[in-house]
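Visitor: Make the full structure from the sequences, and use the hints.
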Amino acid sequence: MARAGLLRAGAAVFAAVAFVGSGRYVVAHPKNDAAPLQPPAESQLALRTSAPSASPVQTRTGRATAPPRITIAPGVQATQLPGITYTHVS
Amino acid sequence: MESLTFDALGGECELYGIDVDASSLRRGRDWILRMHDRFTRFDPDSELSRLNASGGRWSSVSRELEAVLRESLRAFDISDGLVNVAVLPALLAAGYTRDFAAGPTARTAAPAIRPLPEVLELRPGEARLAAGAALDLGGLAKGWLADRLARDLGDNVLVNLCGDLYARGGGTTGEGWPVGFGNKTLLLKDLGAATSGTTKRAWAGGHHLIDPRTRRPALSDLTEVSVLAATAIDAEIYAKVALLLGATAAPKWLEGRSQGWSLT
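Chains S and U, in that order, give the protein sequences. Counting in our numbering, the first sequence runs from 1 upward without gaps. Counting in our numbering, the second sequence runs from 1 upward without gaps.
No lab work stands behind these hints, which were simulated from the structure alone. Quick reminder that beta carbons are idealized off the backbone N, C-alpha and C, glycines included. Among these hints, one or two may not hold up.
[Stated by the list, open to error] Negatives, chain S to chain U, calculated, CB over 10 Å:
(1) A15
(2) A28
(3) A78
[Unchecked claim] Covered stretches of chain U (chain S as the covering partner; in silico rule of three or more C-beta atoms under 8 Å from a C-beta of chain S):
(4) 169-183
(5) 186-192
Guide: Below, the structure is given as structure tokens:
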């Protein structure tokens, strides 16, 4: 009887420690959307072509279209920063 | 960073400058508005409309219009005739006879489109356009204006005229101006970008991009092409050619000419 109680108490303590510990870990490791890709594959690929994804993408006009196939020369860098403007059909 | 947004050339224009004062951007805007008044085909009193109505006589033209006309001849040459500003009669026949907001008019029989070098002659300060020919400078004028204004505004500026843009200098970080391109953001430094497409200025049965080979709105398997090039006007030329060539031939044509492209 006493042994069963001891086991229950141990399990409860273990669960509490795991709960508090994982919570602290999550709080201490927030997601950084601006973090660069590691390794920095974006800038190393020469004349890369993006593979079309299966789903359509939403354009800035709100209309769904097929995803663009993009090819970029080695000297041009992509960035995770938002663009201050964009090229578009006028 | 200073910035200025305004409407001209049929859409929204944006000017950005680092170490450029606000008054310089305002002077740039005023210049664009003056050029709009000269190059529009929707005002019968514009310089372009007067040239279109000149009936085959030599007409004096401003330095700016002369420069755009020379670029138009170059565009025809490097595109093997696919970029031809003399498509205006075919554009009118397709129904794009007035400002787009007013809506299209009835479609009529597509007239012949003559090669630009056959209908346009230039000499310093003067131009002669063959009787019956008419020009629509469209995106070429925007590209040329973006290049010229970026050169005149300063060493670290971005000029975006309705989607035709030139990024000069490295922006705020020195690495390039962040510009949306397809579904990515690219850092553009001393590069032009432009987009050609058939989804805007489109109406039932037509759109504004005429294929000189068919004299009708282009039937391409691409709906939108964005291109990078050394200048905005080259980007504009390349984007039009790529769209007209279609998805299979476009990459081969662009390779060696363009620093990047997005095909949709």
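Visitor: All hints, please: hold or fail.
Guide: Here's how the hints hold up against the structure:
no.: 1; hint: A15; verdict: 45 Å, holds
no.: 2; hint: A28; verdict: 29 Å, holds
no.: 3; hint: A78; verdict: 5 Å, violated
no.: 4; hint: 169-183; verdict: holds (count 9)
no.: 5; hint: 186-192; verdict: holds (count 4)
When the structure is compared with the earlier hints, a violation turns up for hint 3 alone.
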